[in-house]
Amino acid sequence: MIVLNNVTKKFGSTSAVSNISLFVKKGEFFGFLGPNGAGKTTTIKMMTGMFTPTSGTIEIGGYNILKKPLRAKSIIGYVPDHPFLYDKLTGREFIAFVGGLYNIPGKTIKERTGQIIESFEIGEWVDRLTEEYSQGMRQRVSLAAALVHEPQAIIIDEPLVGLDPRSAKIVKDVLKSLTNRGITVFMSTHSLHIVEELCDRIAIIKEGAIIFNDTLKKLGSLRDRTENTFESVFIKLTK
Amino acid sequence: MQQILYILKYKILSGIKVKLEYRWNIMLKNLASVIIFTGFTIVSFLFVIKLITYFLEELNVGIYVLNRFFTIYLFILFTTFCFANILVLYATLFKSPEVRFLITHPISFFKIYIIKFFDNFFYTSATFFLIGAAIIAGYGTYFGFSWYMYPLLIFGIFIPYMLLAACIAAIILLLGVRITEFISIRNITAILITAYVGGVVLFIWSVSPMTLINRALIEYPFIDNYITGFDPWFLKYLPGYWITEMMYWLAQKHHLKALFYGGQLLVSVGILFSITVVIGRRYFYSSWLVSMQVREIVPSARRNSTFGIFDLNGSSVLPRPVSVLIKRDVLRFFRDTVQWTHMTLIFLLIAVFIFNVAKLEITFLDPFLMTVLYLVFFLFNTLIIAGITLRFVYPMMSMEGEALWLIRSAPFRMQWIYLSKGTVAGLSLTGVAMLLAYVTVSAVFSQTSLLWFTFITQFLTVLTIVGINLGLGSCFAQYNEKNSVRVASSQGASLTFLIVIVYLLISVSLYVPFITGYFERLLVFSVNTVTWMTTPLLLSMTLSAFVLGISTTLGLKALRDDV
Numbered sequence: 001m002i003v004l005n006n007v008t009k010k011f012g013s014t015s016a017v018s019n020i021s022l023f024v025k026k027g028e029f030f031g032f033l034g035p036n037g038a039g040k041t042t043t044i045k046m047m048t049g050m051f052t053p054t055s056g057t058i059e060i061g062g063y064n065i066l067k068k069p070l071r072a073k074s075i076i077g078y079v080p081d082h083p084f085l086y087d088k089l090t091g092r093e094f095i096a097f098v099g100g101l102y103n104i105p106g107k108t109i110k111e112r113t114g115q116i117i118e119s120f121e122i123g124e125w126v127d128r129l130t131e132e133y134s135q136g137m138r139q140r141v142s143l144a145a146a147l148v149h150e151p152q153a154i155i156i157d158e159p160l161v162g163l164d165p166r167s168a169k170i171v172k173d174v175l176k177s178l179t180n181r182g183i184t185v186f187m188s189t190h191s192l193h194i195v196e197e198l199c200d201r202i203a204i205i206k207e208g209a210i211i212f213n214d215t216l217k218k219l220g221s222l223r224d225r226t227e228n229t230f231e232s233v234f235i236k237l238t239k
Numbered sequence: 001m002q003q004i005l006y007i008l009k010y011k012i013l014s015g016i017k018v019k020l021e022y023r024w025n026i027m028l029k030n031l032a033s034v035i036i037f038t039g040f041t042i043v044s045f046l047f048v049i050k051l052i053t054y055f056l057e058e059l060n061v062g063i064y065v066l067n068r069f070f071t072i073y074l075f076i077l078f079t080t081f082c083f084a085n086i087l088v089l090y091a092t093l094f095k096s097p098e099v100r101f102l103i104t105h106p107i108s109f110f111k112i113y114i115i116k117f118f119d120n121f122f123y124t125s126a127t128f129f130l131i132g133a134a135i136i137a138g139y140g141t142y143f144g145f146s147w148y149m150y151p152l153l154i155f156g157i158f159i160p161y162m163l164l165a166a167c168i169a170a171i172i173l174l175l176g177v178r179i180t181e182f183i184s185i186r187n188i189t190a191i192l193i194t195a196y197v198g199g200v201v202l203f204i205w206s207v208s209p210m211t212l213i214n215r216a217l218i219e220y221p222f223i224d225n226y227i228t229g230f231d232p233w234f235l236k237y238l239p240g241y242w243i244t245e246m247m248y249w250l251a252q253k254h255h256l257k258a259l260f261y262g263g264q265l266l267v268s269v270g271i272l273f274s275i276t277v278v279i280g281r282r283y284f285y286s287s288w289l290v291s292m293q294v295r296e297i298v299p300s301a302r303r304n305s306t307f308g309i310f311d312l313n314g315s316s317v318l319p320r321p322v323s324v325l326i327k328r329d330v331l332r333f334f335r336d337t338v339q340w341t342h343m344t345l346i347f348l349l350i351a352v353f354i355f356n357v358a359k360l361e362i363t364f365l366d367p368f369l370m371t372v373l374y375l376v377f378f379l380f381n382t383l384i385i386a387g388i389t390l391r392f393v394y395p396m397m398s399m400e401g402e403a404l405w406l407i408r409s410a411p412f413r414m415q416w417i418y419l420s421k422g423t424v425a426g427l428s429l430t431g432v433a434m435l436l437a438y439v440t441v442s443a444v445f446s447q448t449s450l451l452w453f454t455f456i457t458q459f460l461t462v463l464t465i466v467g468i469n470l471g472l473g474s475c476f477a478q479y480n481e482k483n484s485v486r487v488a489s490s491q492g493a494s495l496t497f498l499i500v501i502v503y504l505l506i507s508v509s510l511y512v513p514f515i516t517g518y519f520e521r522l523l524v525f526s527v528n529t530v531t532w533m534t535t536p537l538l539l540s541m542t543l544s545a546f547v548l549g550i551s552t553t554l555g556l557k558a559l560r561d562d563v
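Going line by line, the protein sequences match chains A and B.
Under my numbering, the first sequence has 39 at position 39, and the numbering climbs by one with no breaks.
Under my numbering, the second sequence has 519 at position 519, and the numbering climbs by one with no breaks.
These are calculated hints, taken from the structure and not from any lab test.
Certain hints may be false.
What the hints assert, rightly or not - With a straight-line Cα cutoff of 25 angstroms, these simulated SDA-like cross-link-like pairs (lysine to any residue) come out:
| # | chain 1 | residue 1 | chain 2 | residue 2 |
| --- | --- | --- | --- | --- |
| 1 | A | K88 | B | S274 |
| 2 | B | K482 | A | H82 |
| 3 | A | K88 | B | L554 |
| 4 | A | K107 | B | V317 |
| 5 | A | K88 | B | F347 |
| 6 | A | K10 | B | L554 |
| 7 | B | K557 | A | T14 |
| 8 | A | K68 | B | Q415 |
| 9 | A | K68 | B | K557 |
| 10 | B | K50 | B | I35 |
| 11 | A | K68 | B | S323 |
| 12 | A | K88 | B | A545 |
| 13 | A | K110 | B | S316 |
| 14 | B | K482 | A | K110 |
| 15 | A | K88 | B | V338 |
Okay, chain A solo, but in the shape it has when bound (with noise of 0.2 angstroms):
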């Protein structure tokens, strides 16, 4: 579904990414880490059309996002880590909005809202401008607007950052059941312990390099060998 071949990005004469490869399969749930400024905002910001590469390609469902971005485009959900939403809409609204850049008909977005609402539990806030919203509840209605278009795959930079529990499970629960319905899930995250929770396979990235790029089972087959936890695996990994 999500495939990067060679992708380098150069900034001046500093590289953020530097020829990594991924290949992430329909349905998987992929967590990518790596330590802050290792490099993975700008690679989803290349996988959004948000970067342009200064090498290699990548491909969503086939399509490759230079060549193809409106195609590419269509067939992903993107939700930032700091997912600004406008002050001036409603919850509702922007759900409506963000439906309508994808083409999807009014009368579609209304039902498919219903059901949002009611996964996201957003109901009591969802006709209030969004200025009001705390930060779990910016970060639900966004993902529940990403979602709006029945998207084959997400992509997702820090879901749980600043989430209480309540919101942090309702959204793990989201995203756990997009893959059993065989959306494909790719997710930035320093949480080791979501990973740990939700993830099918990870990738490590370091410098801008790829160090890591197995299964969850892998990673833990390192971790009897050398470290007890994840979370001192990664560290030693990253160091």
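Based on the hints, put chain B in the right spot on chain A.
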């Protein structure tokens, strides 16, 4: 004081780092800014000298009328600067994340207020300062002021003059916000708008340019008599009057009299600044708390308040992505108090202008004078459009805000967003431009062929001005600035406005020979044809296409750049 200087040091440091970024496109933008700003100041300076020469040596209106024209101009500049300061200072003091940050630290509220007051003053004053400096330098050069008078007048008189406006703005704002506890913010806004429009209208009505000329003609041929006895009583209390009087007496080499008016201004600045400081010390924090409270209350009251034609799920003849973009922009516009109040204010001023122009009865038999009159109206109308465009169109891309990720990650061509914004703005402004063209041309010139020529050229001008603003608004987009007023008063916005002025001056200079030829044929030979329009229209189209092409290319490129 030490703490204020400490904070200022870091603010300046961060400012310098932004300015000194070595990326070539940033350097190019900065270089272009310097060239345009310098060019604008020089052109304005030369224009002021030409204008004075024309008024005094060709029209022979006399120095009294000339000075009163400057008084009128300075009054409009003063009130506009004051009003702009109220709006920008509101954003700076009450909506800025920096204030929220500073307020949670052990810094006195008064110090925060002083820092933000000056921050705002310098932020908003660049263009006004250049205009003022050009006027003073032009006036001084014509009347042969000594070299040391220029820095003295510009820094010792004109900057205090602007500071006076900023002080009045701060006092009005703090007291205005303070009383929102008792009177709704809408009513306060309505009162402010009424006061501003009423003040400008009353002033122009009392010091009408036509009345001034008629009064001066009574003195003919002694047109240089300084007939201040005709001045309305309130004029001598206005700071713009003090400046023009000071300049007049300096030109007459009566330095003591000049000092008297300069002194009045400086004493007033001292008093007003002290009042600003006292009011700031007393009311800033309480006003800030009130503003926070008001902001908390207002949004909740808006639940479920909009649907109908702006229903984002509703049907539309436009493609869905375009229709939701337009509807979203409209919803956000009308839910933002600052946006709709500004629009109301501007339309009120336009209504006042139209009402006054419709009553005008001017006829010259001289083709050159008719050409000047036509071009003055043309420039005035287009400047109104340029002002509205700068205020509402320039910030459009910045107002996408940090939610730009949404558009960039959607299956959406950036041309669509660009076109949808441009079309909505272009159509709305074309309506205003056509109305202005109709009123001015049919009221003063009553010629159908000229009216059609004006319609077409105004349409092309609107398209080009919108194109420049949208293009450069994308190039200089400030996605982290939520306040459209601050975006519209940024350095990029000033640069854009100056480019628009250069474009307008080129357009007008292209029309001059053709319009003069038209009036010559009409007034001298009584021939009224339409064939004369072909060449200026072709030139206008070529110029518009060229400027529009460049600005759109730059804008679209900026939107496709890494974000």
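Checked hints:
no.	hint	verdict
1	A:K88 - B:S274	violated, 38 angstroms
2	B:K482 - A:H82	holds, 16 angstroms
3	A:K88 - B:L554	violated, 29 angstroms
4	A:K107 - B:V317	holds, 16 angstroms
5	A:K88 - B:F347	holds, 24 angstroms
6	A:K10 - B:L554	holds, 23 angstroms
7	B:K557 - A:T14	holds, 23 angstroms
8	A:K68 - B:Q415	holds, 16 angstroms
9	A:K68 - B:K557	holds, 18 angstroms
10	B:K50 - B:I35	holds, 22 angstroms
11	A:K68 - B:S323	holds, 23 angstroms
12	A:K88 - B:A545	violated, 36 angstroms
13	A:K110 - B:S316	holds, 16 angstroms
14	B:K482 - A:K110	violated, 29 angstroms
15	A:K88 - B:V338	holds, 13 angstroms
Violated hints, in rising order: 1, 3, 12 and 14; the structure is consistent with all others.
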